[in-house]
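Student: Chain by chain, the residues:
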Amino acid sequence: MAELDTGGGGGKHKGGKKPRGKKASTRIDMTAMVDLAFLLLTFFVLTTTISKPNVLPVVIPPKVDPNEKEEVEPPKVAESKILNMILGANDQIYAYVGILNPGEGKNPEVQTLSFAPDKLRELIRERQQAVKQQFNDEKELIVLIKPLSSSRYGNVVDILDEMNISEVKKYTLAEINAFEKSEIVKVNEPDNIIDGPEK
Amino acid sequence: MPKNKIARKSSKIDMTAMVDLAFLLLTFFMLATNFKAEEAAKVETPGSVSDTVIPEKDIMMITVNDSGRVFLGIDNRDSRVTMIKKIASVNKWQLTEDEVKAFSLETNFGMSFSELKNWMSLPPAEREKFIQKGIPCDTLINELPQWIMQGRYAHKEVKETDLRLVIKADKNTKFPAFSNVMETFRELRVHNFALITTLENDPRKTQ
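Order-wise, the sequence lines are chains A and B. According to the working numbering, the first sequence holds residues 17 to 215 in order. According to the working numbering, the second sequence holds residues 21 to 227 in order.
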């Protein structure tokens, strides 16, 4: 298949007929061209990035300067609107409702969840319903996401993603407070208490 | 008796259709291609349902790999040149043209100031072998703010647009490594940024 075929044309005079122009074959050897085409094709296939990565936009609250006295007091929020999610080691979530303040001796019910979406989604849904009943608007639910230093970055993205899926409008990444540290982290992750993320 | 001859078939094939296809694909890939940037670190990004596509240009990408090493890259080469010149003048380095060029060819790097200075003075063959340990970014030594600041200034000068900050971290990165980068952003009053993720199925749509 590798030669130029020139045989086709019947160029020899036969009998007394008029001499015809030599007919060149229309077949060309394409092997080399194909080789080159495939080489280039392979090159482009391998070097190309067809799909562009997707991004998850994030907005974080500005840092509060401790030297700057805040003129406006932070708004007061009903405790029942707040859902805390503490992200721990081994893809565990410790979730509870409300605010834990030192000295109040409250003992909130802490649920331990995994990242299995149905359980997590169910909890958020449940809270949304509860908030809706009380305040007539499920968008009032506030989720505080508190990753421990034993958690993975993937967990954080998962939970941010979950907020988008469940359409929670108010959520933020927060730091764990001293009380949560002593009440929840100590119980569930005693190894983690030494290098706890509290700053 | 005459031997039975096996009928010989022509070894010629008609390649026209194949060639057509090959060239069609070739054309497609040539037009659609967007060369993969060489990456200093391998990163497996977590999944999310966000279908926002990363902007085409004006990106500063901070990569955090699974062991918490931090790498930085700007997509525009002119901005990289201006950035390293600015960093050099801040730190009072004397850089040769060759050194600046060597730096500008790296789309991603992760070295401390002192390592970088050494790296630039190495011959090209040894530069590739250099193991990049990441830009120091913790509460003790944090060189990231300077890079981000100068990178943004440089890009503003060159392209007259703002750089958008993007974090690409491995899903197994420990949270503190990511948190350090995020806190650096907060210090610099960068409150809007994006995390690179891989697209996952949205359960809202499949139900």
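These are calculated hints, taken from the structure and not from any lab test. Please note that the accuracy of each hint is not assured.
DSSO-like mimics (lysine-lysine), calculated; alpha carbons at most 30 Å apart, straight line [stated by the list, open to error]:
1. A/K97 x B/K225
2. A/K202 x B/K225
3. B/K225 x A/K68
4. A/K186 x B/K29
5. B/K29 x A/K38
Student: Going through the numbered hints above, which ones does this structure break? Give me the numbers in ascending order.
Tutor: Numbers 2, 4 - these are the hints that the structure violates, sorted from lowest upward.
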